[in-house]
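Peer 1: Sequence:
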Amino acid sequence: MAKLQTTRPAGARIAIAGVEKSYTTRAGGRIEALTTIDLTIAAGEFVAFVGPSGCGKTTLLNAIAGLAEPSAGSIHIGERQVQGKPLSEIGYLFQKETLLPWYTVEHNVSLGLSYRGLKHDAQARQRVDHLLQIAGLADVRGAYPSELSGGMRRRAALCAMLAIEPSVLLMDEPFGALDTFTRAGLQQYLLDLWSESRQTVVFVTHDLEEAVTLADRIVIFSKRPGRILDIVEVPLPRPRNVFQVKQMPEFSACYQQTWAALSEEFSLGEP
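Mind the numbering: the sequence shown is residues 425 to 695 in our numbering, read in order.
Simulated from the structure, these hints should not be mistaken for laboratory data. No residue lacks a Cβ here, since even glycine has one placed at the ideal position from N, Cα and C. Take the hints with a grain of salt, since some may be wrong.
Stated by the list, open to error - Between beta-carbon pairs, the in silico distance windows are:
hint, residue 1, residue 2, range
1, N665, K520, 26 to 36 angstroms
2, F605, Q519, 15 to 25 angstroms
3, S676, D603, 22 to 32 angstroms
4, T522, H630, 14 to 24 angstroms
5, R454, Q671, 39 to 49 angstroms
6, P673, A451, 43 to 53 angstroms
7, A451, R622, 42 to 52 angstroms
8, Q671, E589, 28 to 38 angstroms
9, T460, A567, 42 to 52 angstroms
10, S495, Q547, 34 to 44 angstroms
11, E589, A451, 43 to 53 angstroms
12, D563, G508, 37 to 47 angstroms
Claimed, not checked - Pairs of lysine-lysine, DSS-like flavour, derived with a Cα cap of 30 angstroms:
hint, residue 1, residue 2
13, K670, K509
14, K670, K520
15, K647, K670
16, K520, K509
17, K647, K509
With these hints in hand, go ahead and build the complete structure from the sequences.
Peer 2: Right under this line is the structure:
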């Protein structure tokens, strides 16, 4: 098992130290969602969280985003501590649809700029145009979300997040509801965009293949209360082609290593 760092080393973009999270139920009971999470994520690193449903992956993601405050421990983004309030450098792509149905694609992608007073900023507008172009959405910029396929809506949502130029991207199973081919296309699109900008990415998924395909490291969570079972280094070269990497022996070895860590916790057999 990889040794986890509990201090904030120079260059760490996200530092999680001793984080725990518990909830009180309506009946007065106590639910422990996370216990003693220590993790550092480097600037520009792509990290995937995997584990069973209910293990606290999204809870930790929300804590990093400032949408939920830990019961114990601390989270830092750079030198700033996250204290239950979102920081401006964070972008969050939720699992559910977030495009506003009464706005066009272009308006949805530009919405974050309006909130930051950049609606008429020439450079920001150029960034929106660039994102729509490389996402293959330039020709449908005037369309409404209901007129788009599921894959196109996901691309538009990703563009909306990237338009505000966050340095940290948090993604909660963003492609989970899509078919295999659409998902692969969006994985490649995400990798291509990330190769340009190299933001720090934390990506939650239940799909081990997706985790190996995208990430530099895979953080494996136990069943509730969630703790880190293992951290798997992904040895695949970059840039990556999502179709070609699956043919590499390193891909299979990394997948097997990830599965082995999970199977030991959950008494699973061979994949």
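Peer 1: Each hint needs a verdict: does it hold in this structure or not?
Peer 2: Hint check:
{"no.": "1", "hint": "N665 <-> K520: 26 to 36 angstroms", "verdict": "holds, 29 angstroms"}
{"no.": "2", "hint": "F605 <-> Q519: 15 to 25 angstroms", "verdict": "holds, 20 angstroms"}
{"no.": "3", "hint": "S676 <-> D603: 22 to 32 angstroms", "verdict": "holds, 24 angstroms"}
{"no.": "4", "hint": "T522 <-> H630: 14 to 24 angstroms", "verdict": "holds, 20 angstroms"}
{"no.": "5", "hint": "R454 <-> Q671: 39 to 49 angstroms", "verdict": "holds, 48 angstroms"}
{"no.": "6", "hint": "P673 <-> A451: 43 to 53 angstroms", "verdict": "holds, 52 angstroms"}
{"no.": "7", "hint": "A451 <-> R622: 42 to 52 angstroms", "verdict": "holds, 47 angstroms"}
{"no.": "8", "hint": "Q671 <-> E589: 28 to 38 angstroms", "verdict": "holds, 35 angstroms"}
{"no.": "9", "hint": "T460 <-> A567: 42 to 52 angstroms", "verdict": "holds, 47 angstroms"}
{"no.": "10", "hint": "S495 <-> Q547: 34 to 44 angstroms", "verdict": "holds, 42 angstroms"}
{"no.": "11", "hint": "E589 <-> A451: 43 to 53 angstroms", "verdict": "holds, 45 angstroms"}
{"no.": "12", "hint": "D563 <-> G508: 37 to 47 angstroms", "verdict": "holds, 42 angstroms"}
{"no.": "13", "hint": "K670 <-> K509", "verdict": "violated, 39 angstroms"}
{"no.": "14", "hint": "K670 <-> K520", "verdict": "holds, 28 angstroms"}
{"no.": "15", "hint": "K647 <-> K670", "verdict": "holds, 28 angstroms"}
{"no.": "16", "hint": "K520 <-> K509", "verdict": "holds, 21 angstroms"}
{"no.": "17", "hint": "K647 <-> K509", "verdict": "holds, 27 angstroms"}
The earlier numbered hint that this structure contradicts is number 13, and it is the only one.
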